[in-house]
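Peer 1: Single-letter residue listing:
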Amino acid sequence: MAGETRKSRQPMPKQEPYERVRNFDEVALGYTEEQALAEAGRCLDCKKPLCRDGCPVGIDIPGFIRCIAGGDFGSGIKVIKETNALPAVCGRVCPQEEQCEIKCVLGKKGEPVAIGRLERFLADYEAAEGKAESPALAVSNGRKIAIVGSGPAGITVANDMALLGYDVTIFEALHAAGGVLTYGIPEFRLPKAIVQREVEYVQSLGVKLLLDFIVGKTRTIESIQEEFDGIFVGAGAGLPWFMGIPGENLNGVYSANEYLTRCNLMKGFRFPAHDTPMKQPSRVLVFGGGNVAMDAARTALRLGAAESHIVYRRSREELPARAEEAENAEEEGVIFDYLTLPVRLIGNEQGWLTEVECLKMELGEPDASGRRKPVEIKDSSFLMKADAVIVAIGNSPNPLIPMTTPGLKVGKKGNIEVDEETGKTSRDGIWAGGDVVTGAATVISAMGAGRKAAKAMNETFFPK
Amino acid sequence: MYKVVERRMIVPNLHELVVEAPAVARSVQPGNFVIVRADENGERVPLSVADWDREAGTVTVIFMQVGASTAKLARLKAGGSIPTFAGPLGQETEIGAFGTVLCIGGCYGIGSVYPVARALKEKGNTVFALLEARSNFLLYWQDRFKEVADRVIEITRDGTKGYKGHLTRLSEILTLEGIKPDRIVVNGCTFQMMKVSEATRPMGIKTMVNMNPIMIDGTGMCGVCRLTVAGATKFACVDGPDFDGHEVDWKEFLNRRRTYNPEEVHPLRKSGCASHF
Ligand SMILES: Cc1cc2nc3c(=O)[nH]c(=O)nc-3n(C[C@H](O)[C@H](O)[C@H](O)COP(=O)(O)OP(=O)(O)OC[C@H]3O[C@@H](n4cnc5c(N)ncnc54)[C@H](O)[C@@H]3O)c2cc1C
Ligand SMILES: Cc1cc2nc3c(=O)[nH]c(=O)nc-3n(C[C@H](O)[C@H](O)[C@H](O)COP(=O)(O)OP(=O)(O)OC[C@H]3O[C@@H](n4cnc5c(N)ncnc54)[C@H](O)[C@@H]3O)c2cc1C
Ligand code: SF4
Ligand code: SF4
Ligand code: FES
Numbered sequence: 052m053a054g055e056t057r058k059s060r061q062p063m064p065k066q067e068p069y070e071r072v073r074n075f076d077e078v079a080l081g082y083t084e085e086q087a088l089a090e091a092g093r094c095l096d097c098k099k100p101l102c103r104d105g106c107p108v109g110i111d112i113p114g115f116i117r118c119i120a121g122g123d124f125g126s127g128i129k130v131i132k133e134t135n136a137l138p139a140v141c142g143r144v145c146p147q148e149e150q151c152e153i154k155c156v157l158g159k160k161g162e163p164v165a166i167g168r169l170e171r172f173l174a175d176y177e178a179a180e181g182k183a184e185s186p187a188l189a190v191s192n193g194r195k196i197a198i199v200g201s202g203p204a205g206i207t208v209a210n211d212m213a214l215l216g217y218d219v220t221i222f223e224a225l226h227a228a229g230g231v232l233t234y235g236i237p238e239f240r241l242p243k244a245i246v247q248r249e250v251e252y253v254q255s256l257g258v259k260l261l262l263d264f265i266v267g268k269t270r271t272i273e274s275i276q277e278e279f280d281g282i283f284v285g286a287g288a289g290l291p292w293f294m295g296i297p298g299e300n301l302n303g304v305y306s307a308n309e310y311l312t313r314c315n316l317m318k319g320f321r322f323p324a325h326d327t328p329m330k331q332p333s334r335v336l337v338f339g340g341g342n343v344a345m346d347a348a349r350t351a352l353r354l355g356a357a358e359s360h361i362v363y364r365r366s367r368e369e370l371p372a373r374a375e376e377a378e379n380a381e382e383e384g385v386i387f388d389y390l391t392l393p394v395r396l397i398g399n400e401q402g403w404l405t406e407v408e409c410l411k412m413e414l415g416e417p418d419a420s421g422r423r424k425p426v427e428i429k430d431s432s433f434l435m436k437a438d439a440v441i442v443a444i445g446n447s448p449n450p451l452i453p454m455t456t457p458g459l460k461v462g463k464k465g466n467i468e469v470d471e472e473t474g475k476t477s478r479d480g481i482w483a484g485g486d487v488v489t490g491a492a493t494v495i496s497a498m499g500a501g502r503k504a505a506k507a508m509n510e511t512f513f514p515k
Numbered sequence: 002m003y004k005v006v007e008r009r010m011i012v013p014n015l016h017e018l019v020v021e022a023p024a025v026a027r028s029v030q031p032g033n034f035v036i037v038r039a040d041e042n043g044e045r046v047p048l049s050v051a052d053w054d055r056e057a058g059t060v061t062v063i064f065m066q067v068g069a070s071t072a073k074l075a076r077l078k079a080g081g082s083i084p085t086f087a088g089p090l091g092q093e094t095e096i097g098a099f100g101t102v103l104c105i106g107g108c109y110g111i112g113s114v115y116p117v118a119r120a121l122k123e124k125g126n127t128v129f130a131l132l133e134a135r136s137n138f139l140l141y142w143q144d145r146f147k148e149v150a151d152r153v154i155e156i157t158r159d160g161t162k163g164y165k166g167h168l169t170r171l172s173e174i175l176t177l178e179g180i181k182p183d184r185i186v187v188n189g190c191t192f193q194m195m196k197v198s199e200a201t202r203p204m205g206i207k208t209m210v211n212m213n214p215i216m217i218d219g220t221g222m223c224g225v226c227r228l229t230v231a232g233a234t235k236f237a238c239v240d241g242p243d244f245d246g247h248e249v250d251w252k253e254f255l256n257r258r259r260t261y262n263p264e265e266v267h268p269l270r271k272s273g274c275a276s277h278f
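Order-wise, the sequence lines are chains A and B. Quick note on my numbering: the first sequence kicks off at 52 and runs consecutively. Quick note on my numbering: the second sequence kicks off at 2 and runs consecutively.
Because the hints were derived from the structure by calculation, they are not lab data. Cβ coordinates follow ideal geometry from the N, Cα and C atoms, glycine included. Hints should not be assumed to be uniformly reliable.
[Said to hold, decoys possible] Heads up, simulated DSS-like pairs for lysine-lysine below, C-alpha to C-alpha not over 30 Å straight-line:
1) B:Lys252 <-> A:Lys330
2) A:Lys243 <-> A:Lys65
3) A:Lys475 <-> A:Lys515
4) A:Lys463 <-> B:Lys235
5) B:Lys4 <-> A:Lys259
6) A:Lys464 <-> B:Lys235
7) A:Lys243 <-> B:Lys4
8) A:Lys318 <-> B:Lys235
[To be verified] Residues of chain A placed beyond 12 Å of chain B at every Cβ, according to the derived structure:
9) Gln86
10) Glu180
11) Met412
12) Gly415
13) Glu472
[Said to hold, decoys possible] With beta-carbon atoms standing in for the labels, derived distance ranges:
14) A:Asn192 <-> B:Glu93: 34 to 44 Å
15) B:Glu56 <-> A:Asp479: 28 to 38 Å
16) A:Gly181 <-> B:Glu93: 43 to 53 Å
17) B:Pro23 <-> A:Arg367: 52 to 62 Å
18) B:Lys78 <-> A:Pro62: 52 to 62 Å
Given only the sequences and the hints, what does the whole structure look like? Please build it.
Peer 2: Here you go:
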């Protein structure tokens, strides 16, 4: 193969920016078969595949890529599914550039193998073929497991425990399953039909799903414990943080969770066919620089905002969002205001947001996180007009379970404390994992935590 | 799906809805609310619980028809069903041995303050109920209150029943009735809860209000239900919905509730109960 092709990866076909800002369809279209074969051909099939160390669930990456290169897609997907129950999701939303791909040897001289895109290709191939193979159902071992929350952590535990022969029930507070995959990440990045398919897959393994059931409220953990042998808590992130600056309760100020939930879960973008309304602001400022901020800013454009800004206090270098998503946002016309710190929100007589006072920042010495600390420039205050502000600076863990479960140890930030290796909490029979333990993290790390907890639970019931 | 046992209009524009929801019925407490969706495309609407039957597994709510979602609920018939009836949510109302408690209810709050009055009575308090409406034909459940309260007092704006006028007359009514409450609990329209809090502040009587901001999830995830209480941001669905009425920032609260008024064409004004918001 020519040196050039080895160096650079296959580009991802995408909807054109001018087109996609007017719809909610998926932006990235996925590799064609030719592209997948060409990309798989770049992999060196390393003896000591470093890429694998970068994947939190340790997928046999060269293994599945070898299958693609040989044209045997069916076997490829099986290799992935040995360790990852949600390849269609991970292939799309994993921060691959910081996980598996950053470790790939090809990255030293050129571009790393597009591992995530190949993973997505196989998952989509399987779905298109329509013959997702269900693994043989295990014989029931007579034990019952309750799972709180149907996000990636909960789904992973459900999958693993069902395969081991447990009788599994997932309790979900909302009226739809999937956690952040359903209510947070927008349709144009992760189509809800895919999430639905994955949920239906675990249900096909015999997992029961009870929606509209708020553990701690509808029934306490204690009462559930009387009926189940073990409980896994994957309740995810909860209350959004605000900046603590004046004016944050003005009308027109949203948390990213509210904004995205209105749009994704409640289908606000289909108002009035769906009942939940969305405002139509014309100048939107999003505070923050992570994936959530990118999602909010891009959603605002699709809902018709004339201008959508990312207001971030550091520079582009430090942007915590995935590079690919920041690029997508730039292409779509999101305006990035770097080194800008909002300090006050200003409203009119009726309590509606009109302007935001900001300060200009410059980068100083590196701080504890190793990133250069933003320092305000003296007398740099200026005003930005805005009729909507979306605050996307993070969340604390969901408070409901700790609030209603006496004796469950939580940390300072409200996160449930667990043993890192097993996910076991301070209370016997209760395990936990995902965002409710770590604070906002990633899909694959939530799945990794779920996998560890499932293994530990099984070893508790059936010691080796 | 949750089965509708009954749905009837009890007074103009206010409906009683009884739903089969055994898990909710088993754990519900006074002051809790549920999240209801009328159909698959429906909004998540928070409604306070007004009664329940733990054995039969049913829960009762009283709702006012104001917009699209409550209009859909108002069309439900016994035997029908709704996709979501989730709860119980929120902290329960504090039921202590306070001494003398005045429970004030208006609009749908007459319904939701009823289980509060009942529990307070069971706890050994002297309980007075003060029911408020625009006119006599809008009052309901007086017979139920008579069973749990030491006295039931009424006030109507047009004077067709009980005292005439607004709850701004509260201090005068307390004197006339000879009641010295140790605590007041108010459920109902925002405006009324604010007015009562203003009236009781100079009297120094602890006044608990059951706040009703806009909500989506009701589980402490989205942050839309935030309000300022004693200078700090609180989330009504997990920290409340009951708060000390003297500590609530009412101006901000009223503004936030109006966020979607222009979008939601509601027949509210025609109902004559502009104070609902
Ligand atoms: C907008 C947005 C974009 C993101 N983008 C990315 C990305 O590109 N890549 C990436 O890797 N990560 C991304 N993340 C982060 C990722 O989605 C989360 O880290 C991950 O979903 C955490 O999974 P989880 O299973 O711990 O919790 P969640 O996905 O939060 O699921 C928890 C579930 O538990 C339910 N629940 C909570 N309390 C109860 C209760 N008491 N009873 C019953 N059910 C309950 C909740 O309703 C929810 O459905 C993003 C997050 C957001 C918000
Ligand atoms: C904890 C709590 C308990 C409540 N209990 C009751 C009750 O027992 N009976 C009752 O009749 N009403 C109750 N409400 C108010 C009720 O939720 C709203 O009247 C209802 O959501 C209106 O929905 P709609 O679609 O019919 O009207 P919409 O057309 O959606 O709205 C009409 C107006 O209602 C307000 N509103 C809209 N959505 C909400 C919402 N989710 N929460 C609050 N206000 C909203 C807005 O000001 C809007 O402009 C309660 C609210 C809360 C937060
Ligand atoms: S799951 Fe994520 S980290 Fe692991 S191989 Fe796939 S894309 Fe990479
Ligand atoms: S490190 Fe890169 S080249 Fe080596 S096996 Fe992994 S993906 Fe292939
Ligand atoms: S309703 Fe969403 S946090 Fe309270």
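Peer 1: Please go over all the hints and tell whether each is borne out by the structure.
Peer 2: Each hint, compared with the structure:
| no. | hint | in the structure |
| --- | --- | --- |
| 1 | B:Lys252 <-> A:Lys330 | holds (21 Å) |
| 2 | A:Lys243 <-> A:Lys65 | holds (18 Å) |
| 3 | A:Lys475 <-> A:Lys515 | holds (18 Å) |
| 4 | A:Lys463 <-> B:Lys235 | holds (18 Å) |
| 5 | B:Lys4 <-> A:Lys259 | holds (21 Å) |
| 6 | A:Lys464 <-> B:Lys235 | holds (16 Å) |
| 7 | A:Lys243 <-> B:Lys4 | holds (28 Å) |
| 8 | A:Lys318 <-> B:Lys235 | holds (27 Å) |
| 9 | Gln86 | holds (38 Å) |
| 10 | Glu180 | holds (30 Å) |
| 11 | Met412 | holds (25 Å) |
| 12 | Gly415 | holds (30 Å) |
| 13 | Glu472 | holds (29 Å) |
| 14 | A:Asn192 <-> B:Glu93: 34 to 44 Å | holds (39 Å) |
| 15 | B:Glu56 <-> A:Asp479: 28 to 38 Å | holds (33 Å) |
| 16 | A:Gly181 <-> B:Glu93: 43 to 53 Å | holds (50 Å) |
| 17 | B:Pro23 <-> A:Arg367: 52 to 62 Å | holds (55 Å) |
| 18 | B:Lys78 <-> A:Pro62: 52 to 62 Å | holds (57 Å) |
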